[in-house]
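J.: The primary structure of each chain is shown beneath.
2 protein chains.
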Amino acid sequence: MVPHLVTALTGPTNELEQRILDSMAAIERWFRLEWMEHTPPFYSSVDVRNAGYKLAPVDTNLFPDGWNILTPAMLPLAVQAAQAAIEKICPEARNLLIVPENHTHNTFYLSNLAQLRRVFQMAGLNVRIGSISPDIKKSVTMDLPNGETITLEPVVRTKGRIGVKDFDPCTILLNNDLRAGVPGILEDLHEQYLLPPLQAGWATRRKSVHFKCFEEVSKRFGKLIGVDPWLINPLFETCEQVDFSSETGVEALTARVDLLLTKIRKKHKEYGIKEKPFVVIKADNSDGHMGVLTVRDSKDLESVRHQVLQHAAQAPTAGKGAGKTVFDVLIQEGVLTCERVNDGVAEPVVYMMDRYVVGGFYRVHAQRKVDQNLNGPGSSFVPLAFAESAHLPQPGIKPGASAPNRFYMYGVIGRLAMLAASYELEATDPEAEQYS
Amino acid sequence: MVPHLVTALTGPTNELEQRILDSMAAIERWFRLEWMEHTPPFYSSVDVRNAGYKLAPVDTNLFPDGWNILTPAMLPLAVQAAQAAIEKICPEARNLLIVPENHTHNTFYLSNLAQLRRVFQMAGLNVRIGSISPDIKKSVTMDLPNGETITLEPVVRTKGRIGVKDFDPCTILLNNDLRAGVPGILEDLHEQYLLPPLQAGWATRRKSVHFKCFEEVSKRFGKLIGVDPWLINPLFETCEQVDFSSETGVEALTARVDLLLTKIRKKHKEYGIKEKPFVVIKADNSDGHMGVLTVRDSKDLESVRHQVLQHAAQAPTAGKGAGKTVFDVLIQEGVLTCERVNDGVAEPVVYMMDRYVVGGFYRVHAQRKVDQNLNGPGSSFVPLAFAESAHLPQPGIKPGASAPNRFYMYGVIGRLAMLAASYELEATDPEAEQYS
Numbered sequence: 001m002v003p004h005l006v007t008a009l010t011g012p013t014n015e016l017e018q019r020i021l022d023s024m025a026a027i028e029r030w031f032r033l034e035w036m037e038h039t040p041p042f043y044s045s046v047d048v049r050n051a052g053y054k055l056a057p058v059d060t061n062l063f064p065d066g067w068n069i070l071t072p073a074m075l076p077l078a079v080q081a082a083q084a085a086i087e088k089i090c091p092e093a094r095n096l097l098i099v100p101e102n103h104t105h106n107t108f109y110l111s112n113l114a115q116l117r118r119v120f121q122m123a124g125l126n127v128r129i130g131s132i133s134p135d136i137k138k139s140v141t142m143d144l145p146n147g148e149t150i151t152l153e154p155v156v157r158t159k160g161r162i163g164v165k166d167f168d169p170c171t172i173l174l175n176n177d178l179r180a181g182v183p184g185i186l187e188d189l190h191e192q193y194l195l196p197p198l199q200a201g202w203a204t205r206r207k208s209v210h211f212k213c214f215e216e217v218s219k220r221f222g223k224l225i226g227v228d229p230w231l232i233n234p235l236f237e238t239c240e241q242v243d244f245s246s247e248t249g250v251e252a253l254t255a256r257v258d259l260l261l262t263k264i265r266k267k268h269k270e271y272g273i274k275e276k277p278f279v280v281i282k283a284d285n286s287d288g289h290m291g292v293l294t295v296r297d298s299k300d301l302e303s304v305r306h307q308v309l310q311h312a313a314q315a316p317t318a319g320k321g322a323g324k325t326v327f328d329v330l331i332q333e334g335v336l337t338c339e340r341v342n343d344g345v346a347e348p349v350v351y352m353m354d355r356y357v358v359g360g361f362y363r364v365h366a367q368r369k370v371d372q373n374l375n376g377p378g379s380s381f382v383p384l385a386f387a388e389s390a391h392l393p394q395p396g397i398k399p400g401a402s403a404p405n406r407f408y409m410y411g412v413i414g415r416l417a418m419l420a421a422s423y424e425l426e427a428t429d430p431e432a433e434q435y436s
Numbered sequence: 001m002v003p004h005l006v007t008a009l010t011g012p013t014n015e016l017e018q019r020i021l022d023s024m025a026a027i028e029r030w031f032r033l034e035w036m037e038h039t040p041p042f043y044s045s046v047d048v049r050n051a052g053y054k055l056a057p058v059d060t061n062l063f064p065d066g067w068n069i070l071t072p073a074m075l076p077l078a079v080q081a082a083q084a085a086i087e088k089i090c091p092e093a094r095n096l097l098i099v100p101e102n103h104t105h106n107t108f109y110l111s112n113l114a115q116l117r118r119v120f121q122m123a124g125l126n127v128r129i130g131s132i133s134p135d136i137k138k139s140v141t142m143d144l145p146n147g148e149t150i151t152l153e154p155v156v157r158t159k160g161r162i163g164v165k166d167f168d169p170c171t172i173l174l175n176n177d178l179r180a181g182v183p184g185i186l187e188d189l190h191e192q193y194l195l196p197p198l199q200a201g202w203a204t205r206r207k208s209v210h211f212k213c214f215e216e217v218s219k220r221f222g223k224l225i226g227v228d229p230w231l232i233n234p235l236f237e238t239c240e241q242v243d244f245s246s247e248t249g250v251e252a253l254t255a256r257v258d259l260l261l262t263k264i265r266k267k268h269k270e271y272g273i274k275e276k277p278f279v280v281i282k283a284d285n286s287d288g289h290m291g292v293l294t295v296r297d298s299k300d301l302e303s304v305r306h307q308v309l310q311h312a313a314q315a316p317t318a319g320k321g322a323g324k325t326v327f328d329v330l331i332q333e334g335v336l337t338c339e340r341v342n343d344g345v346a347e348p349v350v351y352m353m354d355r356y357v358v359g360g361f362y363r364v365h366a367q368r369k370v371d372q373n374l375n376g377p378g379s380s381f382v383p384l385a386f387a388e389s390a391h392l393p394q395p396g397i398k399p400g401a402s403a404p405n406r407f408y409m410y411g412v413i414g415r416l417a418m419l420a421a422s423y424e425l426e427a428t429d430p431e432a433e434q435y436s
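Just so you know, the protein sequences line up as chains D and F, in that order. First residue of the first sequence? That's 1 in my numbering, and the numbers climb one at a time after it. First residue of the second sequence? That's 1 in my numbering, and the numbers climb one at a time after it.
For reference, chain D alone in the conformation it holds in the complex (with noise of 0.2 Å):
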């Protein structure tokens, strides 16, 4: 179920949303099946672009923030989802210790953290939240613009089981995404629940084994509504160790630009799109001082090349990454977004806590095109509200006929990704058996 919500789209729906829209139950029935099979992420949120002609996810975040850009409306919903994967996960779970990101003096982090707590308190859990910053060595204690306050303390660690004092939780729930390498405090715990599992964290994730999951997904997808694959898979290709310090060391992905430039021109010319391919090339690994560029041209390589060395060197996440120049690449098919909020370039975001799509919101740049990453500074959220009760008849519109739920297709693209993180999670678990 997708919770009918506003979307800024308008105009008539095309083949591909109409498709969606009309396989309603054939896709329920389907995720039905496949979470029978494979484990939900705890939480997840999902980009989605949606070019009109295509609609694909580019961005799937396995510790996601931003809970509070959500609307009150959605707080109930996150409630019960959260309250079903706890009955799922420890039904007989009391505490629960959520670990933040380790840069936790900014408010509208902090604001988050706050909705967190709240979800999993109304869900009937003992909250607390511990820092496994080295910052922070004993309790901090900040006041947050709505008037609540919010408490960081120093994990401690006993045995195998972490907590905050006097305060043992059954259950760690990560909001931080362990780019920096995974801690000793965290590893090794094998009488509590952590979640996600370590092998989320940014230290082992890549982006590229996700995205092919999600091609398999897709695959799976498509065959079930009878559409082409490609129309919600963006495509993608890797290029291991460019060295952005030279121009030798980026020959090998110009090529790779190349190369993939050609098969999406293919894709176009099958569909008759007229829009210009392009890709976006960021780290495979997230690695934020490589920074998310789009290229038009693999002539463009060159001024690409500078933007990386330029981003590399002004990271505001300067510290031990900064100053490198060499990283492991995803080269992705970029997908043009056609959503406007305001109008500013405008992409939705997928909110889902379990199985559950839970929200959403608009990610809007008012600076940037159709073409390029609109998260960065800048940008700006637009919650997405529930649909006024579409029962009552509306002018225009037939007696008895609802309008249709333009956010069902983001729900569903947005769950699709979710399902490849369930892949992802499963075919890298260290625990596991050989995945074949």
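A couple of the hints might just be wrong.
Claimed, not checked - Covered stretches of chain D, as calculated for chain F (at least 3 residues, CB under 8 Å):
| no. | region |
| --- | --- |
| 1 | 28 to 40 |
| 2 | 76 to 86 |
| 3 | 90 to 103 |
| 4 | 120 to 130 |
Claimed, not checked - Restricting the straight-line Cα-Cα distance to at most 16 Å, the calculated cross-link-like pairs of lysine to aspartate or glutamate (EDC-like) are:
| no. | chain 1 | residue 1 | chain 2 | residue 2 |
| --- | --- | --- | --- | --- |
| 5 | F | K263 | F | E240 |
| 6 | D | K165 | D | E153 |
| 7 | F | K138 | F | E153 |
| 8 | D | K88 | F | E34 |
| 9 | D | K263 | D | D228 |
| 10 | F | K88 | D | D258 |
| 11 | D | K266 | D | D228 |
| 12 | D | K276 | D | D258 |
| 13 | F | K159 | F | D188 |
| 14 | D | K324 | D | D300 |
| 15 | F | K88 | D | D287 |
| 16 | D | K276 | D | E251 |
| 17 | D | K88 | F | E37 |
| 18 | D | K88 | F | D188 |
| 19 | D | K138 | D | D166 |
Bear in mind the hints are in silico, worked out from the structure with no lab data behind them. It should be emphasised that the depicted structure is a prediction, and the values quoted were computed from it without experimental measurement. Idealized CB from N, CA, C, for every residue including glycine.
Given chain D's structure and the hints, the job is docking chain F onto it.
T.: Showing chain F alone in chain D's frame:
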């Protein structure tokens, strides 16, 4: 989790309410563990009475109608809960058949069916409505005030399965309380899921069995949160084969009423409660011909006797039971309701799907008193809305403190009654091993 709905209650939280709010984490965990052992009814609604000093369920409906009364904002919660329920029962489900009440030309009831259909359609099922009424010999399509239409089709049986023309459901949802008896067409359906099971129908069900189970639940819950179970449990007695046609026919009933009034009086004395005790008498099998009557003193029974006779003779559901004067009677401790909506006496009704509270409304009756049954001609419904975000500072409330969820306690009482119903259905399951 219980959604935060606006209640009519104002004033400080009393001791019982505060105890329930303070014990939220323990209560939610307890429910989670109970649902590991017991299967919740597929759906249910519970009438709750709040006397201030006492808060108790007075009726538990296992075939709830009135889904159309809930606000549209509740729909996503109901859908999510329905999906969780379907996943557990029959993940491969495609088709669901709703079997409605037989007298279904009432627009209000048809709107309820339309809303149930919507819930399960949004959960991803194909839904049809199949009537077992002898009056429905071919498909009938009726218009609803909101422009929707609803089609009732005659149920057909083929070997061990039922369905409607060209529609073979795997799950059958009864919205028919079978008070006229279980029709043969529903018996021995071994290959389909029939929800709720046949023993939930009033042909089998007895209120006294439900309240016996509730007594057990209330004792365990009382121990959990450290309160006298009486504070949530309405005492009761039964009296079989009461013949209201003669004075001598109600002698045994008089004695039982006296006995129960004495028990309540003792409890009132223990707690210093000033209110005069009263009891409510009703048919143990929910037979509408008897009515639901308030008895303040056993001396009133002669007048009550005449009311029952009058009610039985005039009962609008006249038919084979009209003119009946002998009933098995449940004598239930009366619980005042101190809630008022628009100056009318009101009682909350809590709606649940699977284990989740998904909404509620107030049943209001302007012409009735605080110690009377509100469910009758002249009653109206006031849907409960979600509370406005309690995250923002509110005048007079200290920063960071959010308004308590006053609806929470109603959700707890509703779920306790639902748990009692699950004990009850286990105890009356004809296929279960001996219940001890």
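J.: All hints, please: hold or fail.
T.: Evaluated hints:
no.: 1; hint: 28 to 40; result: holds (count 7)
no.: 2; hint: 76 to 86; result: holds (count 9)
no.: 3; hint: 90 to 103; result: holds (count 4)
no.: 4; hint: 120 to 130; result: holds (count 6)
no.: 5; hint: F/K263 with F/E240; result: violated (20 Å)
no.: 6; hint: D/K165 with D/E153; result: holds (8 Å)
no.: 7; hint: F/K138 with F/E153; result: holds (6 Å)
no.: 8; hint: D/K88 with F/E34; result: holds (14 Å)
no.: 9; hint: D/K263 with D/D228; result: holds (15 Å)
no.: 10; hint: F/K88 with D/D258; result: violated (49 Å)
no.: 11; hint: D/K266 with D/D228; result: holds (14 Å)
no.: 12; hint: D/K276 with D/D258; result: holds (14 Å)
no.: 13; hint: F/K159 with F/D188; result: holds (10 Å)
no.: 14; hint: D/K324 with D/D300; result: violated (21 Å)
no.: 15; hint: F/K88 with D/D287; result: violated (40 Å)
no.: 16; hint: D/K276 with D/E251; result: violated (23 Å)
no.: 17; hint: D/K88 with F/E37; result: holds (14 Å)
no.: 18; hint: D/K88 with F/D188; result: violated (33 Å)
no.: 19; hint: D/K138 with D/D166; result: holds (14 Å)
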